[in-house]
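These protein sequence lines are chains A, B and C, in that order.
Sequential numbering from 33 applies to the first sequence in my numbering.
Sequential numbering from 393 applies to the second sequence in my numbering.
Sequential numbering from 22 applies to the third sequence in my numbering.
There's no promise every hint is true.
[As the list claims (entries may be wrong)] Take a look, some chain A residues computed to stay more than 10 Å from chain B by CB distance:
1. Thr68
2. Lys129
3. Tyr191
4. Val246
5. Gln293
6. Lys355
7. Lys368
8. Pro377
[Unchecked claim] Straight line, CA to CA, 30 Å or less: simulated DSSO-like cross-link-like pairs of lysine-lysine:
9. A:Lys414 with A:Lys398
10. A:Lys414 with B:Lys514
11. A:Lys232 with C:Lys313
12. C:Lys313 with A:Lys129
13. A:Lys97 with A:Lys355
14. A:Lys129 with A:Lys414
15. C:Lys161 with A:Lys199
16. A:Lys281 with A:Lys97
17. A:Lys398 with A:Lys97
18. C:Lys161 with A:Lys190
19. B:Lys470 with A:Lys252
20. A:Lys388 with A:Lys368
21. C:Lys101 with A:Lys164
22. A:Lys129 with A:Lys368
23. A:Lys398 with C:Lys161
24. A:Lys190 with A:Lys324
25. A:Lys232 with C:Lys101
26. C:Lys161 with A:Lys169
27. A:Lys193 with C:Lys161
28. A:Lys281 with A:Lys190
29. A:Lys281 with B:Lys514
30. A:Lys388 with C:Lys161
31. A:Lys129 with A:Lys398
32. C:Lys161 with A:Lys164
33. A:Lys252 with A:Lys190
34. A:Lys355 with A:Lys368
35. A:Lys382 with A:Lys414
36. A:Lys232 with A:Lys199
37. A:Lys169 with A:Lys388
38. B:Lys554 with B:Lys470
39. C:Lys101 with A:Lys169
40. A:Lys368 with A:Lys398
Hints were generated in silico from the structure; no laboratory data involved.
In this text, all values refer to a predicted model and were calculated from it rather than measured experimentally.
Note that beta-carbon positions come from the ideal geometry of N, C-alpha and C, so glycine has one too.
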Amino acid sequence: MNKNIKLLPVVAFLLSICTSVLAVNPVLDIGFVGVTSGPAASWGISNQRSMEAGASLINDAGGVKIGGTTYDINIVSFDDQKDPKRAIAGMEKMAQKGIHYVVGPNVDDGAAAVRPVAEQQNIMYFPYAFPKSLYTKPASNAILGMVANYQSGPAIYKYLKDNEGVKTVAFIAANESDPLSQREGGVAAAELLGLNVISKTVTYQVDTTDFMPVIVPIVKLQPDLLVLSGVAPANAPQLIRSARELGFKGLISTETGQDAQVLMDGAGDLANGFISVGGASTPEIKSAEMDKFVTRYIEMFGEYNDESNTKVYALEYIIATLKANPAAINNVDEFKNTMETFTAPNPYLKGDRVLKYVGMSSFGQKRQISIPLVVNVYNNGKFETLFVAEVD
Amino acid sequence: MEQVLTNGVYLGAQYALIALGLTLIFALMNVLNFAHGQMYVLGGFVTYTVYGRFEMPFVVAILASAVTLAILGAFVEKFLFRPVLKNSEREESSMLLAAGLAFFLDAVILLLFGEKQRGVPKIIDGVMNWDFLIIMPYDRILIGVLAITFIVTFILFMQYSKPGRAMRALAQDKVAAQLMGVNVTRYSMLGFALGAMLAGIAGGLLVSIVGVNSGIGGPISIKAFMMVMIGGAGVISGAIAGGFILGMLESIGLTVLVAYGDMTYLLIFVSLMIFLSIRPQGLMGKPWG
Amino acid sequence: MSKASKLIYFFIFLVTILGIVPWLIEISGRWDYYYTLTSVALLSIASSGVWLTFYIGRINIGQGAYALAGGYVVAILVTKYDVSFWLSVPIAGLFCSFVSMLIGASILRLRGVYFAMITLVLTEVAKLTAMSLPITNGAKGISSIALPGELSIFGISIIPDFSTLANVKLAFYYVAVILMIFVFAGMYRLVNSRIGHLCRSLQQNEELASSIGVNITILRIIAYSISSFLGGIGGAIFISISQSVYPTTFQVADSINFMLNVFVGGMGYVFGPMIGTLFIYFGWDLLFTTGKYQLLIYSSIIIALILVLPNGLLSLRIFNKSNKREAK
Numbered sequence: 033m034n035k036n037i038k039l040l041p042v043v044a045f046l047l048s049i050c051t052s053v054l055a056v057n058p059v060l061d062i063g064f065v066g067v068t069s070g071p072a073a074s075w076g077i078s079n080q081r082s083m084e085a086g087a088s089l090i091n092d093a094g095g096v097k098i099g100g101t102t103y104d105i106n107i108v109s110f111d112d113q114k115d116p117k118r119a120i121a122g123m124e125k126m127a128q129k130g131i132h133y134v135v136g137p138n139v140d141d142g143a144a145a146v147r148p149v150a151e152q153q154n155i156m157y158f159p160y161a162f163p164k165s166l167y168t169k170p171a172s173n174a175i176l177g178m179v180a181n182y183q184s185g186p187a188i189y190k191y192l193k194d195n196e197g198v199k200t201v202a203f204i205a206a207n208e209s210d211p212l213s214q215r216e217g218g219v220a221a222a223e224l225l226g227l228n229v230i231s232k233t234v235t236y237q238v239d240t241t242d243f244m245p246v247i248v249p250i251v252k253l254q255p256d257l258l259v260l261s262g263v264a265p266a267n268a269p270q271l272i273r274s275a276r277e278l279g280f281k282g283l284i285s286t287e288t289g290q291d292a293q294v295l296m297d298g299a300g301d302l303a304n305g306f307i308s309v310g311g312a313s314t315p316e317i318k319s320a321e322m323d324k325f326v327t328r329y330i331e332m333f334g335e336y337n338d339e340s341n342t343k344v345y346a347l348e349y350i351i352a353t354l355k356a357n358p359a360a361i362n363n364v365d366e367f368k369n370t371m372e373t374f375t376a377p378n379p380y381l382k383g384d385r386v387l388k389y390v391g392m393s394s395f396g397q398k399r400q401i402s403i404p405l406v407v408n409v410y411n412n413g414k415f416e417t418l419f420v421a422e423v424d
Numbered sequence: 393m394e395q396v397l398t399n400g401v402y403l404g405a406q407y408a409l410i411a412l413g414l415t416l417i418f419a420l421m422n423v424l425n426f427a428h429g430q431m432y433v434l435g436g437f438v439t440y441t442v443y444g445r446f447e448m449p450f451v452v453a454i455l456a457s458a459v460t461l462a463i464l465g466a467f468v469e470k471f472l473f474r475p476v477l478k479n480s481e482r483e484e485s486s487m488l489l490a491a492g493l494a495f496f497l498d499a500v501i502l503l504l505f506g507e508k509q510r511g512v513p514k515i516i517d518g519v520m521n522w523d524f525l526i527i528m529p530y531d532r533i534l535i536g537v538l539a540i541t542f543i544v545t546f547i548l549f550m551q552y553s554k555p556g557r558a559m560r561a562l563a564q565d566k567v568a569a570q571l572m573g574v575n576v577t578r579y580s581m582l583g584f585a586l587g588a589m590l591a592g593i594a595g596g597l598l599v600s601i602v603g604v605n606s607g608i609g610g611p612i613s614i615k616a617f618m619m620v621m622i623g624g625a626g627v628i629s630g631a632i633a634g635g636f637i638l639g640m641l642e643s644i645g646l647t648v649l650v651a652y653g654d655m656t657y658l659l660i661f662v663s664l665m666i667f668l669s670i671r672p673q674g675l676m677g678k679p680w681g
Numbered sequence: 022m023s024k025a026s027k028l029i030y031f032f033i034f035l036v037t038i039l040g041i042v043p044w045l046i047e048i049s050g051r052w053d054y055y056y057t058l059t060s061v062a063l064l065s066i067a068s069s070g071v072w073l074t075f076y077i078g079r080i081n082i083g084q085g086a087y088a089l090a091g092g093y094v095v096a097i098l099v100t101k102y103d104v105s106f107w108l109s110v111p112i113a114g115l116f117c118s119f120v121s122m123l124i125g126a127s128i129l130r131l132r133g134v135y136f137a138m139i140t141l142v143l144t145e146v147a148k149l150t151a152m153s154l155p156i157t158n159g160a161k162g163i164s165s166i167a168l169p170g171e172l173s174i175f176g177i178s179i180i181p182d183f184s185t186l187a188n189v190k191l192a193f194y195y196v197a198v199i200l201m202i203f204v205f206a207g208m209y210r211l212v213n214s215r216i217g218h219l220c221r222s223l224q225q226n227e228e229l230a231s232s233i234g235v236n237i238t239i240l241r242i243i244a245y246s247i248s249s250f251l252g253g254i255g256g257a258i259f260i261s262i263s264q265s266v267y268p269t270t271f272q273v274a275d276s277i278n279f280m281l282n283v284f285v286g287g288m289g290y291v292f293g294p295m296i297g298t299l300f301i302y303f304g305w306d307l308l309f310t311t312g313k314y315q316l317l318i319y320s321s322i323i324i325a326l327i328l329v330l331p332n333g334l335l336s337l338r339i340f341n342k343s344n345k346r347e348a349k
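Please model the entire structure based on the sequences and the hints provided.
Rendered as C-alpha cells:
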C-alpha cells in the first residue's frame, strides 16, 4: 500500500507528460465492435485495420476539422468473438466512452442483438450484415456498411446472363445464419431473372476442411454458374479448387469481398475467372488517395487484405457527415437529418463519384452508404474490374 | 458412387490421422485435449513457413512440423498437465487446462501468422481421371497414401517397439504397468509428445491440400472428439475406425441427403447420439472411458 | 459456521448486490457494468445447472443447448402467441426440463468423457435444429422481441412494463440478480438436503449408492432436469435483453464456457459457478483495453490459475473457512 502511494505522483507526472505531448488536438473516438479472433477473425481484423489505417492517415495530416475544432481520430475496438452476447457488451462499452458512431458488428446475430442498446444509447452503427429488419422502420440507428447481396446478386447474375449466356445456376452455402440468408436472397434474385436454379440445397459445416465431398453433387449437375453464397475468404479457394479439380467447367461467383493473395495461395491458377465483389481495389478505378491508404495499411500491418477494399468507406462516411454537420458529433438525430441530403466527393475512386446515403428502394429509408458496386474477376493473382454499377 | 466412396476413404484417412494423437493422449493420461486442433493448426503453419515461405523441400517441412510439435507436447505435459493432474482433486480439472491451452495457442497463432487463410504451392500437379468415375488430383492421392503410411507406421510402433508396448501397458492399467517397472512419468511425457507430433504431421500434410487458417483449431478439435467417440475413446484402432466411419458418413451423407440440404448434418449428429446412447463405449472402446 | 453468522453473511451479500453495487455504478457512472453484471448473473444461473450435473459425477458440455432452447421458447411464445414474458420464462424452463428428461433417460447411462462428448454433440444438434425448423424461423432467427411487459397479480402491479422504464438496464439487473439469489439459495438447500447427500454419493461411487437402495436412475434424471431448467431460464431472460435470438446465440463455445465457469470457481463449492462466471466474464470485459493481446493475456491467466489453484478459486484459504464445509 505504502509503495503505491509513493508511486502516485510519479504516475500522475508521467501521465501529464503523455497527454501534453500526444493530445495536441482533442480526440474524437470512433468505435469498432466486431470479430477479431476465432474462425471468422479475418472479417473483423480487415475491418479494424482499415479504420486504424484511415485514422492514422488523418492524424498524420494534422487531424480533421469538424466545425471550428480540429480533432485527432482514435479507433476504440472491441472483440465480440462472433458472440452476440459479447457484442452487446461491446456496444455498452462504446456508450460508456461516449461514442456515438460505431462500425460493426460483422454478422447477422450480433447486429440484431446490439440494436436495443444502440437505440437506447443513441449510437449510430454500421453493420456488415444484411437482414432488412435492421434498416427498415421502426429501426433507425443501423446503416448498412456495404452493398447487400440482394443488391449485388441481381446485377451480377444479369451481367452473366446477358454477356456469358448463363442459363442454369447452382448455390452452395455454409450451414450458418448469414450464408443461408444470403443464399435465399440469391435464389430469389436468380429466379426473378428467369435463370434456372438447379441446386440450392447443398450446404457445408463451418468446420469443413476438405470440400471435395461437399461439391461432388453440384459438379455432377454442371451448372453454368456456381454461386458461393456468403463464402468466407478462407473457404473460397478450397471450394474453387475442389470444383475445378473435379472437372467443373462453368463460372464461379460470390457476392462477398475476397482476397487475391488468399485465392492465389489456396487455388493458384484454378481461381482464374472467379467473380467477386470489390470496393476500390482495381487499378482501373482507384484514386491516388486509395493507393496512399493501401501503402499505409501495409506499413502498419505488414500485408494488405483485399477485403479492406469494401471496408475503407464506413469511417470516411462518418467523418465526412460530421464535417457536413458538426452538431451531429454528439447528437445522432442531427446525423440522421444530415444523411437525407448529404453528399461529398468519393476520395477513393477516380472521376467524380460521390458519397451519399441510399437505401430507399431496399429499406424505404436512407440507411445504407452508397458504395459503387465494383464486380471483380480474379486473374493470375490480381483482380480486374468486370463492371461497375450503382445501388440506389 | 465410386467417386463418393473414394472421397470417403480419402477423407477417412485424413480424419484418422487427426484422431490418432487425440486418442493416444486420452488413453495414457485420461486428458481430453481441447488443444488438439490448435496443435494441428500450428503444424500446418510450420509446414507453410518452411515449405511455402522458405521454399525448402516438403519432407523437411513435415519433419519440422513433427519436431516442433513433439517438443511443444513434451513441454506442455511436463510443465502444465503433470502438476495439475498431481494437485487437483478431480482429474476433470485437466479439461480447464486443456481449454485454456487451446485459447492460448489460438492467440499465439493469430498473432504470429495473421488472420488470413494460407496455402502452399501444389506438391504435384495434375488430376487422375479414371473414366470420369473417379477423379482424384495426384497430390490428394499422395497425401492420402502418406497419411495411411503414417498410420501404419504408428500402429507398428505401438505394437512392436519397447516404448510402444510400455505405452499400451500404461493405457490398459496404470498401476499394473507401474508395478511391472514401466516408468509412468517418462512414458506419459513421451506419449503426449507423440500425440502432439501426430497432430503436427496431420496439419503439415493437409496444408498442401486444404490450406490452414488460424481460427480452424477449435472446430477441428470438436470433430476429432467425434471420431474418437465413434470408435471408442482411448483405443488406437477405435480412432482409426472412427475417422474412416465419419469420413464415409460425411461423403455418403452429403450426396445421398443432398435434397434435404441443411438437414444433412443434423441427421448425422442425431444418429451419432442415438448410436452412442445405445453403445456408449463406441465401437471398440473401454467400457467406461 | 453457526446459523447466525451464515445469516449475517447472507445479509451482507444481499445488501452488496442489491444496494451497494447499483450505488457504486451510479456514483462512478460506469453504466456499462449493469449489462456485464446482468450477464454474469444469468450465465451463472446456467452454470450452476452445469455444476449440479458435475455434482452427480457427469461432465456436462451441453448447457448451451438448453439455454438456446429456453431462448427460443420465450421468443416464440412472446412474438407468435403473445404470452406474457413472465409466464413464458418458467414455461421455457419446464420445457427444457421435459426435453432433458427424455434425452437424459438414455444418455445419463454414459459416464466420464463419453457423457461429456455426447452433450457436446447435443449443443450442435440444438443449433442445427433451430436452423432447420420452420417455427424457429431457421437461419434468420427471431428479432424485434418486445421488452418484458407488466406483471400484475389481482390487479396489483408487481413488475412494471419494461418499455415504460427510464432505466431498463437497472431493471434487468435486478431481475437477473434476484433470480440468481433464489437459484443459489435453492441450490444450497438442495445440496444440504437428503437428495443432495444422495447425489454426492453418486459422484463418489454409483455402484455403492445403488447397492444401498438408491434409485440412481431417477436421481440422475432429476438432477439433470433441474440443471436443464436453469439453463433454460438463463437463456430465456438473456434473449429479452438482446431482443433477438439466432441459432448461434448459444453454441458450443458457450457450452464450454459454462463448464469453465464451474471449473474456475471450483467444483466442490455450491457458489463456485457464481465466482467462476464473475471471474471469466468480467475478466474478459476488463481486458478489452489490451486490444489484440486480449486473448493471449486472458488465456495465460486461466492457465496460471489452474496451475496455482487446480481446485478452483474458492479453494483459496480465505474462502475456505466459510465455504468449504458447507458444500463438501
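Status of the hints after comparison with the structure:
1. Thr68: violated, 8 Å
2. Lys129: holds, 25 Å
3. Tyr191: It holds; Tyr191 (chain A) is separated from chain B by about 27 Å at its closest Cβ, greater than 10 Å.
4. Val246: At about 6 Å from chain B, Val246 (chain A) fails to clear the 10 Å cut-off, so the statement is violated.
5. Gln293: violated, 7 Å
6. Lys355: Check passes; 32 Å lies beyond 10 Å.
7. Lys368: Check passes; 34 Å lies beyond 10 Å.
8. Pro377: Holds, because the least Cβ-Cβ distance between Pro377 (chain A) and chain B comes to about 32 Å, which exceeds 10 Å.
9. A:Lys414 with A:Lys398: The given pair, whose Cα atoms are some 34 Å apart, is violated under the 30 Å limit.
10. A:Lys414 with B:Lys514: holds, 19 Å
11. A:Lys232 with C:Lys313: Between Lys232 (chain A) and Lys313 (chain C) the Cα gap is close to 39 Å, so the pair fails against 30 Å, i.e. violated.
12. C:Lys313 with A:Lys129: holds, 19 Å
13. A:Lys97 with A:Lys355: holds, 7 Å
14. A:Lys129 with A:Lys414: violated, 41 Å
15. C:Lys161 with A:Lys199: Distance of about 29 Å is within 30 Å: holds.
16. A:Lys281 with A:Lys97: violated, 54 Å
17. A:Lys398 with A:Lys97: OK: Lys398 (chain A) and Lys97 (chain A) at ~26 Å, within 30 Å.
18. C:Lys161 with A:Lys190: Holds, at roughly 26 Å.
19. B:Lys470 with A:Lys252: violated, 52 Å
20. A:Lys388 with A:Lys368: This hinted pair holds, its Cα atoms lying about 12 Å apart.
21. C:Lys101 with A:Lys164: holds, 20 Å
22. A:Lys129 with A:Lys368: Status holds; Cα separation ~21 Å.
23. A:Lys398 with C:Lys161: holds, 23 Å
24. A:Lys190 with A:Lys324: violated, 34 Å
25. A:Lys232 with C:Lys101: holds, 29 Å
26. C:Lys161 with A:Lys169: Answer holds: Lys161 (chain C) to Lys169 (chain A) is near 18 Å, not above 30 Å.
27. A:Lys193 with C:Lys161: Given pair Lys193 (chain A), Lys161 (chain C) holds - Cα atoms ~29 Å apart, limit 30 Å.
28. A:Lys281 with A:Lys190: holds, 20 Å
29. A:Lys281 with B:Lys514: Distance ~21 Å between Lys281 (chain A) and Lys514 (chain B) Cα, so the pair holds.
30. A:Lys388 with C:Lys161: holds, 29 Å
31. A:Lys129 with A:Lys398: holds, 27 Å
32. C:Lys161 with A:Lys164: holds, 11 Å
33. A:Lys252 with A:Lys190: holds, 24 Å
34. A:Lys355 with A:Lys368: holds, 14 Å
35. A:Lys382 with A:Lys414: With a Cα-Cα distance of about 19 Å, the restraint between Lys382 (chain A) and Lys414 (chain A) holds, given a limit of 30 Å.
36. A:Lys232 with A:Lys199: holds, 15 Å
37. A:Lys169 with A:Lys388: OK: Lys169 (chain A) and Lys388 (chain A) at ~20 Å, within 30 Å.
38. B:Lys554 with B:Lys470: Answer holds: Lys554 (chain B) to Lys470 (chain B) is near 22 Å, not above 30 Å.
39. C:Lys101 with A:Lys169: OK: Lys101 (chain C) and Lys169 (chain A) at ~20 Å, within 30 Å.
40. A:Lys368 with A:Lys398: holds, 9 Å
When held up to the earlier numbered hints, the structure conflicts with 1, 4, 5, 9, 11, 14, 16, 19 and 24 and fits the remainder.
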